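Peer 1: Here are the chains, one letter per residue:
Number of protein chains: 2
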Amino acid sequence: MDKSRVTTYLSLNQVAVNDLFWSPFMERVRTKVLPYQWKALNDKVPGAEPSYCIRNFKLAAELTHPELDYGVPRDIGFGGMVFQDSDLAKWIEAAAYSLAWHPDRDLEQTLDETIDIICNAQQEDGYLNTCYIINGLEKRFTNLKDHHELYCMGHFIEAAAAYYEAAGKRKLLDAMIRYVDCVDAHIGAEEEKLHGYPGHEIAEMALIRLYAITRDEKHLKLAKYFIDQRGQPPLYFEEETRRNGNAFYWQDSYIKYQYYQAGKPVREQTAAEGHAVRAAYLYSGMADAARLTGDQELLGVCKALYANITKKQMYITGAIGQSAYGEAFSYDYDLPNDTVYAETCAAIALAFFARRMASIEPRAEYTDVVEKTLFNSIISGMALDGESFFYVNPLEALPQASLKDRRMGHVKIERQKWFGCACCPPNLARIIASLGAYVHSANADAVYTHLYLGSEARFSLAGGNLKIKIETRYPWEGQVDISLVPERKTAFTYGLRIPSWCGSFSLKLNGSDAAYTLRDGYALLNREWQEGDKLRLSLDMPVNLMETNPHVRDNQGKAALMRGPLVYCLEEKDNGTELFKLHTGTPHEFKVNYEKELLEGVCVISFTGKREKDWQDDALYRSRAEKEYEDRELKFIPYYAWANRGGGEMRVWINR
Amino acid sequence: MDKSRVTTYLSLNQVAVNDLFWSPFMERVRTKVLPYQWKALNDKVPGAEPSYCIRNFKLAAELTHPELDYGVPRDIGFGGMVFQDSDLAKWIEAAAYSLAWHPDRDLEQTLDETIDIICNAQQEDGYLNTCYIINGLEKRFTNLKDHHELYCMGHFIEAAAAYYEAAGKRKLLDAMIRYVDCVDAHIGAEEEKLHGYPGHEIAEMALIRLYAITRDEKHLKLAKYFIDQRGQPPLYFEEETRRNGNAFYWQDSYIKYQYYQAGKPVREQTAAEGHAVRAAYLYSGMADAARLTGDQELLGVCKALYANITKKQMYITGAIGQSAYGEAFSYDYDLPNDTVYAETCAAIALAFFARRMASIEPRAEYTDVVEKTLFNSIISGMALDGESFFYVNPLEALPQASLKDRRMGHVKIERQKWFGCACCPPNLARIIASLGAYVHSANADAVYTHLYLGSEARFSLAGGNLKIKIETRYPWEGQVDISLVPERKTAFTYGLRIPSWCGSFSLKLNGSDAAYTLRDGYALLNREWQEGDKLRLSLDMPVNLMETNPHVRDNQGKAALMRGPLVYCLEEKDNGTELFKLHTGTPHEFKVNYEKELLEGVCVISFTGKREKDWQDDALYRSRAEKEYEDRELKFIPYYAWANRGGGEMRVWINR
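Just so you know, the sequences run in chain order D and Y. Residue 324 in the numbering used here is what sits at position 324 of the first sequence, and the numbering runs on without skipping anything. Residue 492 in the numbering used here is what sits at position 492 of the second sequence, and the numbering runs on without skipping anything.
Bound-form chain D, shown alone (with noise of 0.2 angstroms):
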């Protein structure tokens, strides 16, 4: 690894977006999706199902604290999944992250009351699951597999950090502490303790992102246990399973481990699989792992990883996790466009495993992959009014198909009001949220931006403070300003990415062509910068026909269009039924044009492209004939806003 190219993101307190694009997005779930979630933590949403997720907490507090109150009856029990306290984390991580760009005392009142009955359900040992105290804690830590009590925990370790660094307070951090402790003295690599590790990951990115604040050891080696721990034999999850009794869900099928990313030892792991979110977690977990603590070989087990991901699983989309069947990957270049699962979850859980693979080394096959779900596969998950959700993108939607086809009755043609296992919603909140954490990342000599929001950033570099200046119409134009303001003169290496989309560009300082090398897909300026330093990137961004690699089946002869880093598809709405029946052709022109009005703003791409005529008889099968094609004008809108103006069908690759 080399040391020199490793760069810590800059914090969304040093980072303000106005953007164009994504402005909207943040303002969407700061003034709707978080009141809304709020509202159905609480079980005040009417007509939908219950969260239980406050009252649990409430209900656990009361019987931790006898002479509290809440006025939650004390023999209601729990409700809910045994994961429902993370609903309650990601909403406060989201709601963090949305006070360190938006200032907001009753919502911080908010935050802080509810902190304080989260603290009041913890117990005199630190443990902290309201599912477990209110069921009875003499069953605490005996199904580590299933029971999501790690995985609570690691949800609620990101909502104490994230409201540490936003606002300052370590409440919430002070009882994560007090939690980890209590776990620590039970799970380990000492004889006496549990030799497990979570069901579900993600108390592994959380334990390090703990440790970035408290530097105790004993944080990143709980990390690290949970890491090289997973998989080893004789497996802990048989293990609990022969001393508890805890079935596998999976008994007898293929991923019965491997849906726990539990098949063999991370280190042996060359192929992702298994539950998507849950490995893309762990993936990024094992990333922080090897950037805090140099482990080359570490960093290759996720460099193959990510490889296979991204060169063998991945959407064009950026989604992953392309089988229902255990929400889960499942083999090499199996890319179903229709029956995908494709949670917005997981292409989250991407996002955060690439854009840590990028702070280990600064390359633009990383930052691409965040982008690309960013601009797809995550907003893809929330209708534009932010009122309503998928957890499944696919890259093809027929409604007859998902009312009477099995394999397709979890893809659905409307976004939902909300979920009973409500994962998606929150996990969009807290990304979208913290997109300002996206843009730069910067080390004693260097700073890379990643991606262009328009946005100021100020922060220290070993030369003095600086600030950087955005300005772009991106992704709708290529064109993007920056302005770098250091305090003094200082020299540094400053690192623009180039999208692998961008077949041609060009940079100019000051006016001028500017010097730069390329490396890695970023244009490196290493120079003596100054106030006034302006640099202008000049993104080509054309419409770009694109292919999948022909070990692909189910794209044989298809293509789809991108324009800069969004995908764009066809509905039902702009191009009528039977989307199947339309090819590309060889189109001689495309015409991008921006609809202000359109889909609260849009460039829509169309073209002359054909649609293949119906037959003059009714037979089903006929020998061969020549084809007829009709021309037909095609429009594309970006995939990300399909499903806004109802229902209907929706496809990203069409025949050539």
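For the record, the hints were derived by calculation from the structure and aren't laboratory data. Nothing here was measured: the structure is a model prediction, and the numbers come from that model. For each residue, glycine too, the CB sits at the ideal point set by N, CA and C. The reader is advised that the hints may include incorrect statements.
What the hints assert, rightly or not - Listed next, the in silico DSS-like pairs over lysine-lysine satisfying Cα-Cα at most 27 angstroms (straight line):
no.: 1; chain 1: Y; residue 1: K581; chain 2: D; residue 2: K613
no.: 2; chain 1: D; residue 1: K627; chain 2: D; residue 2: K610
no.: 3; chain 1: Y; residue 1: K581; chain 2: D; residue 2: K311
To be verified - Which chain Y residues face chain D? A few, computed with CB under 10 angstroms, are given here:
no.: 4; residue: K558
no.: 5; residue: A560
no.: 6; residue: F580
no.: 7; residue: K581
no.: 8; residue: R656
Here the structure of chain D is known, so what remains is to put chain Y in place on it, guided by the hints.
Peer 2: Below, chain Y alone, put in the same frame as chain D:
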């Protein structure tokens, strides 16, 4: 209905088959399938799940006649599925057919002894279903929807009729007449009766077959009641559910009623729906009823349903039931090749339906489908050694997908020894054993030959006895030699089917061009026939590259090979893996070669196609470039013979 066009098929006793292609299948059924199945019915297959079928009958007989002792403990209970009785019925039916063309004293004795046991289980009032006799008669007729009493009755009527026709013995037939009396006393239009009908159809056509023997109007009336009561409001299955608490298996599904073809009265149905075997059995019974009663409206419904199936929901192999969800029809033009259900039994049921339509009116559109199913989707269900079977007959097989993709878990790559729900193997046995009855049909003025099987038929016309001898190497060669030997000079119309796959043919009578008229796909010769008349039908049998109506999403841009009635496929064994990379191109020459040693003797087709080249790099996506291909010799085998040389990929529809 033009009654002069209605014909009756010759019976098995009238047609001796001696056919290059089919006789080995019939022998396999006789010498392998029937003995194996007999062992299975008697729980004597080592390692296999017991059938319990014979045991159930013995136990029921002991309970009915306590003086009997078959050695079955009386407290042992009913074993197997609620429809287990039908397995024995199907075996008896197939065994009876085999007796018609291969007398076998031992087999006949086994049948007689078995029928004795069956009849000993019959109740005083005629009732005969071991599940209820063993579990409690007070519950009988309380779950017509799902408990298959009437289904088992239907199969036993078929068995009884077959054995009566083959051996002239009526013991089982009389027992069935008494069972029908019992059912008739409980179910029917009269106010005091149950206004129900079978959840799984077959009784309709069975009762009409019984009526053809007994001429007892009661039998026809009950069949008509079952047909016309189906789907009438208030829905009987709902009433039954309210009364007896039988939940709907598909409670919240769009196929809740459609699964049973009970969403509306049958005369209002226009599209095939629900469980495919049930549907086609029902339609077969409807066609029988329309033929016998001249019910023009009902015939119109049959024609509409037939057109819906064959023009919108049928695979090129004749397979139907495209969806594993409910083993059912799904919607028009939905014909996935890889996730298909296409149960062997459903193809058999479609053959039944088409054969019945052809007997109402000799039209090649009906007989073509009989032939298509027989040569493709029916016999694909059995290994060439007669020892293993497919339930599901995919048009594309992918070993990894069958293992790892839930959508394809039901698609097996290798045939299985036997099934817990053993419907397909005995169904195969009964249709193959009765093939002789598919060759000719006749009425007072006309004889039609529908299928070209090497055979000798002897039967009576108005003008006296007639012998028809067919000699052919069909389907490997298109020449069919037919000798007509009337007892004396007789004038009648002789119709020969011209298959729809045949673009050009010649017909010689005694060496000269025959004078014929073409009607509905039959060449009609109306003349006076005499001994020594010889017809030579020469059907051109080129290789045909087929394509699918553009409404079918899954076959866009693909072609399939047919030659004669046979659909062909590529197997991994001959063509390597990743068959989806292969393209037909525009072949300029097909090589057709009969390989005697291969797959019990098949015509193999080969030609120079193309294979898409792998990319130079490992990118998953790239800007569209000119595709590169290499020439590749493609070798196709008949579809029915796939999966006889180990597992591997298979594909019918190839990229163009």
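Peer 1: Next step is simple, just say for each hint if it's right about the structure.
Peer 2: Hints versus structure:
1. K581/Y x K613/D: holds, 26 angstroms
2. K627/D x K610/D: holds, 11 angstroms
3. K581/Y x K311/D: Holds, at about 18 angstroms.
4. K558: At 9 angstroms from the nearest chain D Cβ, K558/Y passes the 10 angstroms test, so the hint holds.
5. A560: holds, 8 angstroms
6. F580: holds, 4 angstroms
7. K581: holds, 6 angstroms
8. R656: With a minimum Cβ separation of about 8 angstroms from chain D (threshold 10 angstroms), the hint on R656/Y holds.
Hint violations for this structure: none, all hints satisfied.
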